[in-house]
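Fit chain B to the known structure of chain A by using the hints.
So the sequences go chain by chain: A and B.
Just so we're aligned, residue 1 is where the first sequence starts under the numbering used here, counting upward by one.
Just so we're aligned, residue 1001 is where the second sequence starts under the numbering used here, counting upward by one.
Mixed in with the good hints there might be a few duds.
As the list claims (entries may be wrong) - Below, simulated DSS-like cross-link-like pairs (lysine-lysine); rule was C-alpha separation at most 25 Å, straight line:
#, chain 1, residue 1, chain 2, residue 2
1, A, Lys-271, A, Lys-246
2, A, Lys-629, A, Lys-716
3, B, Lys-1167, A, Lys-294
4, B, Lys-1098, A, Lys-336
What the hints assert, rightly or not - The following residues of chain A were derived to be distant from chain B, with all beta-carbon distances above 10 Å:
#, residue
5, Ala-63
6, Asp-176
7, Val-275
8, Trp-445
9, Thr-606
10, Val-627
11, Gly-666
Claimed, not checked - Covered stretches of chain B, going by a simulated chain A footprint (3 or more residues, C-beta under 8 Å):
#, stretch
12, 1093-1101
13, 1109-1123
14, 1141-1149
15, 1152-1158
To be clear, the hints were calculated from the coordinates, so they are not data collected in a lab.
This structure is a prediction, so every number in the text was calculated from the model and none was measured.
Cβ atoms here follow ideal geometry from the backbone N, Cα and C, with glycine treated the same way.
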Amino acid sequence: MRAHSIPTRRLLASTVPVALLLGLGTSPAHADPLIGSHFNSYGLPGGIDTPSAEVLPDATLGATLSYSDLARRNTMVFQALPRLTVALRYSRVESTREARGYIWDRSFDLRYQFLDEDPQGWRPAVAVGLQDFMGTGIYSAEYLVATKTLTPRLRVSAGLGWGRLASTGGIGSLGDRPAPDEGEGGKPNIDQWFRGEMAPFVSASWQATDKLTLTAEYSGDDYACETGDAENCRRPIWLDDKDALKNQLNLGFTYQLGEHYQLGGYALGGKQFGVQFSVAMNARQAPYPSGLEKAPAPVRPRPARQADPDGWSGAWSADPTAQPAIQKALGDALAKEGQVLESMALDANRAEVRIRNNRYIQQAEAIGRTARLMSRALPPSVETLVITSSEDGLPTSSVVLRRSDVERLENTEAGQIANAAQLRDADPRPGNLVMTPGLFPRFSWGLKPYLSTSLFDPDDPLRYEIGAELSGEYELTPGLVLAGSVRQRVLGTTRQEAPGGMTPEEYEALDSDYDENGVPRVRSDGRMYSGNKSPWVSSLTLAWYAKPTETVYSRLTVGLLERAYGGVSGEVLWWPANSPLAIGAEINRVRKRDFRDTFAFRDYETTTGHVSAYYEFGNGITAQLDVGKYLAGDKGATLTLSREFANGWRIGGWVTKTDMSTEDFGEGSFDKGVSISIPLGWGTGDPSLRRIGGDIRSLSRDGGSRLRVGGRLYDKVRDSHSGQLYQGWGRFWR
Amino acid sequence: MTRTKRILLGGLLLGALAACGNQSNNDSVFGKLAQAARQSVAQRNAEPAPAPDPSAMAAEALRVNPGPLILVGLESAGSTQVMAMTGENAGRRTYMTKNEQALILRNGMLAGTRGLGNDLSVAEMSGSAALVLAGRSGEARRVMRYWTGDGLERPLPLDCRVGPGPKAGVMVERCQGFGLTFENSYLVQGGRATVSRQWIGPALGYVTIQELRP
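One chain only, chain A, in its complex shape (with noise of 0.2 Å):
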């Protein structure tokens, strides 16, 4: 059993000053990145149409809507990276290739701010940046652009563009820009990126009010394709017949609304007139910072040796009845707390609970708080308190600490608490632990509503459904889950749909699960399973979860375990608690589920699974690469980077690239998305576990797919691991 020393200095020191969390307005001495206030109609930081060196402050998540005549454009940005920006779009472009006259088409961009403005001198932010840098690329540009402050209300930005930004007004090329991809898209066009001609741009804000600023640009996009100039057009599909611009000039206004909205409208040439409406708001700040949840029970120091002899003694230890009614005592008094006393080990000078917390986002924070418990529950003599995480049965992880330490550092900062506590593997079957009478089998249901959201679809961007979801759980013994839900629609406009443009009954008597090209219809059948008005079981399982040996963890699900898939799953897991690597091993043999009958399938069987490596960087940064066969059966391998946050945000992105074919594959060529995770707390204050978000996937295809089955071990055991344990340690007083 390995106990390392705690990188308290890593993991709480911080380099953002706790002035600016507070909102107290005081501009850092030291140097920082550019930071911007107002976005352009891509939804970055910028003018209008053309972009700047800014970013937003770090870890700020936002929307953009902008609308003219000439595009309509709904961009996600988010700040990944103190100077690393990231964006995600849905732009309504024309296409004379589809019936429809348009397609919804996303695109990706990037900015990175690799020099800081010199606020007393003569140097400006400078940033590069990729425009849509992937798939068929309607906006794709390049550029390089430096902003500077001239007054307190004046920002310049000037820089030089490719591609878009170069559409009229170059000033001379770099080799050749290759003509747009024509095939499937949805790769980066690595071979454009700063080709072609180039040319500049300016544009400079002016902050004319504390709520309005104005913008005036020179841009080099020209809205060839969107004003009907086919010669200069890239792609004769994309051609549209609006009004050509008079001019390259673009002034515009924003105006912010409060602290999070800002409305703004601008004039493009002189002749077409936009919109755009934006919203951002900062992981950072939540409206209640500490939370709304009750304060602690306060540490009960131990009387003096000569006032409780006795207890000091320990022989107290050896009356059968004293564990009974200190683990009742313990219990009641963190069932208040939320968590579950699952079981105690108890004697004279050393105790271990497990405890499953079911409340608070930071476990640092139960474990806090179950510590503080203890110090008023416990006999004098017991000085070594052992605090292990159970997960849904699995002990994880425990925090070993010194009674003394825990007396001695109430009321002062984690840090100090950090330093003296132990974190260790938690012990998968220790001698004298005492399960807490009455827990197991334990049965939990609940019904709730539901709400299903499908948006982006080009005839239908937002779909929904809503209904009712019941829900239970039986769990025999810890570890040994019997879970199902049974949902109930009400009302929505989702409905029954094939693929392929068929009817459902026509797919239906078709029979066959497999496309034209013979790739297996894993996924891309998928609504023909929406729209049920039926009561339908989406998920039936019985897992158990088990925990082999100190460091490695294991799963093993059957029944049906996602709304297309039923099968067996198994799963291990090996991660020790102070490593920032784990590497895990999973393999499911699934069948495909009957669209309308529960329990019937269909023909279509495979064996899928996947090897991962799991590596956390540090800062709440993680990387996830999966190498395995996919449920169509092609192999190839998943890249997952995502970043949480102390308070529970979590944001991620993830690739697969297959070795099916991207004729197979179809539109996007590969799998890939984006997935955002909020803790419900953050926004209302009171402590949950709950989160809202999920996953925004480009697109859903049959190849890259993987099954969905719940209780990855992964995720259930990370919480209490050091990574996130010691990120959230500052709640550990809370």
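Positioned in the frame of chain A, the structure of chain B alone reads:
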């Protein structure tokens, strides 16, 4: 049934079943959001409640509760409450309201808060405390630590100057740093601050604390 009616009925049904069951994390997202909305509406509509008479409150509390008590007024909320001591560890006393919000005091000087939404995790002010409680003038460094929205505990270091106040027996501590200034006043009796007005933090502002029973 017309479409509108059906939707209405659906809405009602869903509202009626807004989460029931015995699951430990049974709070549905809808339920939570609805609750938050109700609270914020209630706050907005709330008539300024008739201020309860602090002296009547204090008398009642003294009669009911035999332990140490303080009377606390949070200026930003305009509220006054009696808080009772629930624990003491190395001279730091935790006082709580009935709904379990807490102040932590050391010799009457604020050392932390819990459950107020913008809590002060810990105030490191031994330098100031030594001067204030001894009735001496001088300079001291103070570090206030807060839980910030990003889930961390972060320090706010401040420079303070302690000196006698306008009234006899009152000590004043003026602190500044990061562009903010505040002023704490303490009436010191028997080695502790018995009546005081102290700054919690940028969001919560000042709190007045009066010792009812030591």
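Taking the hints in turn, this is what the structure says about them:
no.	hint	verdict
1	Lys-271/A <-> Lys-246/A	holds (6 Å)
2	Lys-629/A <-> Lys-716/A	holds (23 Å)
3	Lys-1167/B <-> Lys-294/A	violated (37 Å)
4	Lys-1098/B <-> Lys-336/A	holds (15 Å)
5	Ala-63	holds (19 Å)
6	Asp-176	holds (47 Å)
7	Val-275	holds (28 Å)
8	Trp-445	violated (5 Å)
9	Thr-606	holds (34 Å)
10	Val-627	holds (33 Å)
11	Gly-666	holds (34 Å)
12	1093-1101	holds (count 5)
13	1109-1123	holds (count 10)
14	1141-1149	holds (count 5)
15	1152-1158	holds (count 5)
Of the numbered hints given earlier, the model fails hints 3 and 8; all others are met.
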